[in-house]
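A.B. asks: Kindly produce the complete structure, drawing on both the sequences and the hints.
Residues in the sequence shown are numbered consecutively from 1, following this note's numbering.
Since the hints were derived computationally from the structure, they do not count as laboratory data. Be aware that a few hints might be false.
[Stated by the list, open to error] Using 25 Å as the maximum straight-line C-alpha spacing, the simulated SDA-like pairs for lysine to any residue come out as follows: (1) K571 with N69; (2) K571 with P549; (3) K571 with P560; (4) K571 with D626; (5) K571 with E552; (6) K571 with D68.
[To be verified] Computed Cβ-Cβ distance ranges for the label pairs, DEER-style: (7) R240 with A607: 25 to 33 Å; (8) P354 with R481: 31 to 39 Å; (9) P70 with S489: 57 to 65 Å; (10) R555 with E229: 52 to 60 Å; (11) S175 with A607: 37 to 45 Å; (12) G122 with R240: 27 to 35 Å; (13) E229 with L277: 21 to 29 Å; (14) S175 with W367: 42 to 50 Å; (15) R548 with G505: 41 to 49 Å.
Just so it is clear, the structure is predicted and the values come from calculations on it, not from any experiment. Note that the Cβ used here is the ideal one computed from N, Cα and C, for glycine as well.
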Amino acid sequence: MDSLARDLRYALRQCGKQPGFAAAVVCTLALTIGANTTMFAMVSAVLLRALPFADPERLVWIASVRPDNPGAPFSLPEFMDYREATRTLAGIAAYANWSASLAGEGVTERLQGARMSAGSFGILGVSPAAGRLLQDADDRPGAPHVAVVSYRLWRRQLGGAEDAVGRRVRINGESVEIVGVLPAQFPLPLRDVDVVIPLVPDGDPTRHLRNSANTLRVFGRLAPGVTSEQAQQELTSICRSLRSRFPLEYARKESVRTTAMREALIGDHRPMMLLLLASVVVVLATALANLLCLVLVRAAERRAEMSIRIALGASRSHLVRQLGAEALALAAVGGFLGCVLAAWATSTVVVWAPSSMPRVGEVVFDWRALAFAAGLTLAATVLLGVAPIGAALGARARDALRLASRGALGDRRNHHVRSVLVVGEISAALVLLLATALLVQGLLRLQRVHPGFRPDGVFQARVSLPPSYRSPEELAGFYERLSRRLFASPGIRDVGLISVAPMSGLLVTVPFTVAGQPRTERDVPAANLRVISPGYLAAVGTRLLRGRPLSERDRSDAPPVALVSEALAEKFLARDRPGQQLLIDDNNTGPRPVEVVGVVENVRQAALDGPPALDVYLPLRQIHPDGVAFLRNNQFWMVKTETDPAAFRVRFVAELRAVDPDAAISSTGTMRQYLEAWLAPRRFSLTLFVAFSLTAVLLAVSGLYGLVSYTVSQRQGEIGLRIAIGATERDVHRLILRQAARLGLVGAAVGLSAAAAGRPLVSRMAGEVSLDPVAVVATTGILLAVTIVAGWLPARRAARTEPTLALRGE
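C.D. replies: Spelled out as structure tokens, the structure:
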């Protein structure tokens, strides 16, 4: 132990003698270990870590395949048919979104709820944080009304009290007993679910209606010895059997697709996560190259020292132990700072990451991340020690005087190795910069996409009404009372209501046909169904392209009318034929006719990078009675105001309470915030990518600077001689900068070739965007300019060399 302590003290003194080298190594290690450990924590939580369920690899996501949607939900009768017929699944479960209103002390809060088949929790294999979860008995008709709440709601609304289990609360006007609390990390059925109640499929009045709405998301657990492919084949066979038995109702049901549960939860986030992982691997490779350059320079400089110490009697084992201690000291300090940086970065990621990112709450700096950082630190120790130790083992006593007199010139092979490493760093940095430019261009393109509405100055709130509203007339009466009070507020220009707001993440579609155009049942298209009030289009700024808008005269006793999007009109309607009718299947009794009276501009309902949607807008007062329950729980109010829309919430809540104190409100904000929320995951990923790219550039530039500086130090005699015989500062600049420019140009050429090879992958991430040639030239030019600056600094120092001092050294 005393020997190790002496070696460590000696190592610290050696680092103190060359603080520049020590600082460069420590900073490089801290940045590299911090960035890679942070990315490892993210990838581990999102892509690698097992789901918090029992034997999660046996869980599969089940989707219905239709011509217009390969991941469609199921109807209640379908789910029951599959549940009874399947043999390859040990259990099958379903859930549906459900709007819940929790009555509190003077305030009714709208919750994100789900109706879930009670056996779901047994299929998943989870344990409650408190109490119990839903059981099979809870799904029986007439069973007591029970619910389980999320861990977040339990802590926020119920104070995390143990006696919350067994407490009765009023949800949607009914008394419900809380029987348990979901685990803290529970990604199903929804990431932001607040309360779950039993599905009770046998008690649902639509269980026998084969043409009922498709609202159920289904998952299951594979039976022992069964593969996902075998389950998919069996379920597809059941699907075809159902289609033969019910050809009209199931004409558009083609097959069933099974996906591993983890893959289904990750969804579209996997490609971007893999791209971020690739970028941080490039940063790691760049950092290792940089460290290797520093180590080779350091080893070359210490060849004379090693030979002299051996000539004076030092043993090689003693030198190896001291050099190993130096490497360990540098790596330990860099690793410690890297862990501190990673711990801070992971906590920042959780705070700043968008809520739509799957499993983001599980990103933590835990023992896995610490072990990963320790592995990188150990690898850095080996890398820092291998070259100096090799030089010590190869040093010979008879070379001591020769090396001491000539200086540590290093050999040409080491110089070539360092040059290759610097070229690799520059090329890697250029690849990341070009990928960043491509992602930035894709984001800018999305920001320029017109969403079909004008989000600025529009306040938005989601409202749910109590079950006492049972008819279209009662819903219309609520709208009239609240809109009248809102219009009385100062600065209000327009007020409108829609059943599903753009970019809200909800999906409501209905099959439709054009009257007089025969189609087979399988070819029936589907359109987004939106119920709107007369003032909605004006409130959000969606333009009417032709025809007339919906008005107050479109009441229940007037002929049914509708507006359609431009995309639907161009694809299905004749432009010169007014009064065309659509047959829309928005109820449980069959399609009903509506007359198309106007065409509005296309609205991006789900995504800015998707194709124009087929939309049908129905007037509020002409909704079918079967749609009352949905509209009662899903009302998005839009208020166009001349004042700050974000500050309108207090006024809106006050007016809502005055009209109906039992109405629940949630998701308040502005339409601009909704739009920005959709862009948030891309911005977040781009921010991380930019950080990694700039880190790679910093490492590449520092590597080039170090190589040129070392070359200058070794050529001081030559430079002094050149100056003595008449070379000017410009000549010296040109001599040194030629080396930097050559390395930069070779690195740029290699980087451009690599970027061209990987462009298709990054283009898919950026939305099939092709990088502008001007951006390529500009990015390459900027990197080359930075490399020239990195070479100019040592060249400037070399040009000021005193010839007499340099020649005296020779």
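A.B. asks: Could you work out which of the previously given hints the structure breaks and list their numbers from low to high?
C.D. replies: 4, 5, 9 and 15
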